[in-house]
Amino acid sequence: VEHSLVGTADRDVAMSGKVFSDDDLARLYEREYANLVRVARLLLGDEGAADEAVQEAFVRVFGARRRIRAGDEPLRYVRTVVINECRGRLRRRRISRRHPHLPDASSPPPEERVLQDDDCRRLAHAVRQLPARQRACVVLRYWLELSEDDIARTLGISAGSVKKHSHRALASLERALEEQQ
Amino acid sequence: MSNVEDKLRSTLAAMTGSVTTPPDGAQRAQEIARGRRRTRVAATASGVAALTVCLIVAAIVALRSDPGVVVTTRQRVESNDVTTPQPKVSSPTTVEPGQGNRVTAFTGAPNQVFVSTDGGRLLIVDATNGGELVDLTGQVGGPGNGVYPAAVNGNGVFWYTRFEGTVPATATLTPDGQRQTVASNASAAALSSDGRRLAYATRSNGATSGSPDTVVVRDLSTNSENRWTGLPASSGNSAPDGQGVTSLAWGPNNLLAVAYTSGFEMEHSAVLVLDTATDQTFADARLLPGELRSPAWTADGTLLAVGAPAGTNAYRVLRFSSLNETPSPDPALSALQVEQIQVDRSGQHVIAIDVNMTLYAADTTGHARRIADHVNAAAW
Numbered sequence: 745v746e747h748s749l750v751g752t753a754d755r756d757v758a759m760s761g762k763v764f765s766d767d768d769l770a771r772l773y774e775r776e777y778a779n780l781v782r783v784a785r786l787l788l789g790d791e792g793a794a795d796e797a798v799q800e801a802f803v804r805v806f807g808a809r810r811r812i813r814a815g816d817e818p819l820r821y822v823r824t825v826v827i828n829e830c831r832g833r834l835r836r837r838r839i840s841r842r843h844p845h846l847p848d849a850s851s852p853p854p855e856e857r858v859l860q861d862d863d864c865r866r867l868a869h870a871v872r873q874l875p876a877r878q879r880a881c882v883v884l885r886y887w888l889e890l891s892e893d894d895i896a897r898t899l900g901i902s903a904g905s906v907k908k909h910s911h912r913a914l915a916s917l918e919r920a921l922e923e924q925q
Numbered sequence: 150m151s152n153v154e155d156k157l158r159s160t161l162a163a164m165t166g167s168v169t170t171p172p173d174g175a176q177r178a179q180e181i182a183r184g185r186r187r188t189r190v191a192a193t194a195s196g197v198a199a200l201t202v203c204l205i206v207a208a209i210v211a212l213r214s215d216p217g218v219v220v221t222t223r224q225r226v227e228s229n230d231v232t233t234p235q236p237k238v239s240s241p242t243t244v245e246p247g248q249g250n251r252v253t254a255f256t257g258a259p260n261q262v263f264v265s266t267d268g269g270r271l272l273i274v275d276a277t278n279g280g281e282l283v284d285l286t287g288q289v290g291g292p293g294n295g296v297y298p299a300a301v302n303g304n305g306v307f308w309y310t311r312f313e314g315t316v317p318a319t320a321t322l323t324p325d326g327q328r329q330t331v332a333s334n335a336s337a338a339a340l341s342s343d344g345r346r347l348a349y350a351t352r353s354n355g356a357t358s359g360s361p362d363t364v365v366v367r368d369l370s371t372n373s374e375n376r377w378t379g380l381p382a383s384s385g386n387s388a389p390d391g392q393g394v395t396s397l398a399w400g401p402n403n404l405l406a407v408a409y410t411s412g413f414e415m416e417h418s419a420v421l422v423l424d425t426a427t428d429q430t431f432a433d434a435r436l437l438p439g440e441l442r443s444p445a446w447t448a449d450g451t452l453l454a455v456g457a458p459a460g461t462n463a464y465r466v467l468r469f470s471s472l473n474e475t476p477s478p479d480p481a482l483s484a485l486q487v488e489q490i491q492v493d494r495s496g497q498h499v500i501a502i503d504v505n506m507t508l509y510a511a512d513t514t515g516h517a518r519r520i521a522d523h524v525n526a527a528a529w
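In order, the protein sequence lines correspond to chains A and H.
As numbered in the working numbering, the first sequence has no gaps in its residue numbers, which increase by one up to the final residue, 925.
As numbered in the working numbering, the second sequence has no gaps in its residue numbers, which increase by one up to the final residue, 529.
For the record, the hints were derived by calculation from the structure and aren't laboratory data.
It is possible that part of the hints are untrue.
[Claimed, not checked] FRET-style restraints, in silico, Cβ to Cβ:
| # | chain 1 | residue 1 | chain 2 | residue 2 | range |
| --- | --- | --- | --- | --- | --- |
| 1 | A | ASP766 | H | SER333 | 30 to 40 Å |
| 2 | A | ALA808 | H | THR170 | 14 to 24 Å |
| 3 | A | GLU922 | H | ASN505 | 37 to 47 Å |
| 4 | A | GLU922 | H | THR170 | 38 to 48 Å |
| 5 | A | ARG912 | H | SER353 | 19 to 29 Å |
| 6 | A | ARG771 | H | SER167 | 46 to 56 Å |
| 7 | H | THR170 | A | SER902 | 28 to 38 Å |
| 8 | H | ARG328 | A | ARG865 | 51 to 61 Å |
| 9 | H | ASN278 | A | ARG771 | 50 to 60 Å |
| 10 | H | THR378 | A | ASP766 | 18 to 28 Å |
| 11 | A | ARG912 | H | ASN260 | 48 to 58 Å |
| 12 | H | ASP433 | A | ASP766 | 45 to 55 Å |
| 13 | A | PRO875 | H | PRO172 | 32 to 42 Å |
| 14 | A | ALA808 | H | THR371 | 17 to 27 Å |
[As the list claims (entries may be wrong)] Short, incomplete list of chain A residues facing chain H, as computed with Cβ under 8 Å:
| # | residue |
| --- | --- |
| 15 | TYR773 |
| 16 | GLU774 |
| 17 | ARG785 |
| 18 | GLY807 |
| 19 | ASP863 |
| 20 | TRP887 |
Don't be surprised by glycine CBs; every beta carbon is placed ideally from N, CA and C.
Kindly produce the complete structure, drawing on both the sequences and the hints.
Okay, structure coming up:
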């Protein structure tokens with residue numbers, strides 16, 4: 745499974761006390777682009793926007809590479825930038841919805857692909873309906889398999905908040921499954 | 150719960166689909182980043198060049214003047230002896246990165262609006278016709294799109310917030326080009342109309358990341374400060390998390406309107422009115438009902454804010470003639486898709502930035518005229 749690489753990548757990429765080079769970041773791009781796009785798809789529900797968000801995040805990271813230190817764990821840094829980029833896009837989408845004259849910036853959710861199972865289809869729908877922060881906690885926990893502390897650092901919130909949002913999200917998802925049965 | 154968790158893992162995996170890494174993606178990202186860096190460097194360099202030219206001009210003017218009279222750069226600026234470009238009579242101004250700098254001086258005249266653009270420029274434009282008066286790009290130590298103009302006082306001192314990475318600082322730029330940091334880790338700066346008090350937002354305990362959750366009011370004559378922390382939950386958000394102050398606006402009788410947002414997408418917004426003379430905590434302040442943001446006060450004590458009237462979800466500029474009454478749509482601005490409002494230091498003129506980053510000025514006849522495009526933030 746591709747996303748199992750994520751757990752070791754921080755250690756792999758962490759360099760020995762030097763500023764990261766463009767080559768280091770290019771290698772990180774090659775290795776993590778697909779995973780980060782998947783995270784962005786889960787957060788944004790929009791394939792085109794997810795590609796753009798990750799590409800823009802890497803532009804920012806290349807622009808700021810002198811500020812990234814070995815101890816920063818570049819993958820976590822990039823992940824945070826991707827999530828912030830997604831937040832910005834969600835926010836702009838919300839702004840466009842606030843003004844009814846503007847076209848809605850969001851595109852419809854991607855086609856259901858492998859979701860043959862009814863439960864999975866209902867669960868996918870329920871995940872899309874979660875409040876954005878709860879959705880982020882769920883994606884980071886159950887897709888990237890990050891620890892609560894890692895999620896907290898990535899989202900810039902406390903571990904307690906992560907626990908609270910994750911618990912609420914799971915409760916909602918469980919209810920969504922039960923209601924249909 | 151474990152059944153849900155297992156299903157969730159397989160569902161998330163199925164939802165993501167296949168992804169192909171673009172073969173030249175890293176290279177393209179790198180090139181774009183380099184291009185942006187070059188733009189920033191050019192903006193800073195042209196600012197330095199403009200400052201040098203200005204000093205040379207001031208020196209020549211001083212040498213030509215009566216040898217018995219000492220003429221300072223500041224006096225020259227105030228008496229308009231330094232070459233000041235004539236305003237372009239073009240409306241609206243379309244601001245693009247990379248246009249030339251001209252002079253560094255500005256006078257803080259009533260019709261001058263400070264704008265930072267999404268292209269990284271910092272300009273003074275004429276509020277009457279949108280003409281570009283002065284290009285200050287590079288004079289505040291970084292690109293203009295990281296600059297949030299706060300105010301200009303009667304002496305032409307420009308107050309602004311600038312972000313260095315994630316850490317903001319509030320600083321001033323004087324007419325002779327001197328800049329000074331007034332408060333570090335300080336955003337959303339607002340100068341009182343008498344110029345005696347500065348309000349700004351900061352993060353509690355000096356944190357350099359996260360949302361600014363504390364409001365500070367500094368008496369600029371004594372440097373004494375009062376602080377308020379612990380923003381209340383906004384009406385739409387029962388579980389406050391990551392609440393942060395987004396803008397501040399001084400009103401009459403020591404009132405300070407505090408706008409803040411919360412939520413992952415900053416989806417909840419609220420405005421509370423703090424009496425800085427008597428309120429000890431935010432709990433003493435008055436939380437206005439509804440989703441509101443970007444407050445501004447006019448000279449007659451009317452509070453303007455962007456928000457949706459109760460029972461609707463159509464956002465518009467609202468006027469609170471009294472804090473006890475239901476707000477009414479602003480006649481000049483309510484038809485626009487406004488996101489930010491500012492009132493000039495006289496409290497007479499209102500400027501607004503819409504969702505397309507177009508800057509408008511509202512006049513007393515209930516009309517709004519378009520001043521400039523690509524505007525990130527503005528102060529008058």
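Taking the hints in turn, this is what the structure says about them:
no. : hint                              : result
1   : ASP766(A) - SER333(H): 30 to 40 Å : holds, 32 Å
2   : ALA808(A) - THR170(H): 14 to 24 Å : holds, 21 Å
3   : GLU922(A) - ASN505(H): 37 to 47 Å : holds, 45 Å
4   : GLU922(A) - THR170(H): 38 to 48 Å : holds, 39 Å
5   : ARG912(A) - SER353(H): 19 to 29 Å : holds, 25 Å
6   : ARG771(A) - SER167(H): 46 to 56 Å : violated, 22 Å
7   : THR170(H) - SER902(A): 28 to 38 Å : holds, 34 Å
8   : ARG328(H) - ARG865(A): 51 to 61 Å : holds, 58 Å
9   : ASN278(H) - ARG771(A): 50 to 60 Å : holds, 53 Å
10  : THR378(H) - ASP766(A): 18 to 28 Å : violated, 42 Å
11  : ARG912(A) - ASN260(H): 48 to 58 Å : holds, 52 Å
12  : ASP433(H) - ASP766(A): 45 to 55 Å : holds, 54 Å
13  : PRO875(A) - PRO172(H): 32 to 42 Å : holds, 37 Å
14  : ALA808(A) - THR371(H): 17 to 27 Å : violated, 39 Å
15  : TYR773                            : holds, 4 Å
16  : GLU774                            : holds, 6 Å
17  : ARG785                            : holds, 5 Å
18  : GLY807                            : holds, 4 Å
19  : ASP863                            : holds, 6 Å
20  : TRP887                            : holds, 5 Å
The structure shown violates the earlier hints numbered 6, 10 and 14.
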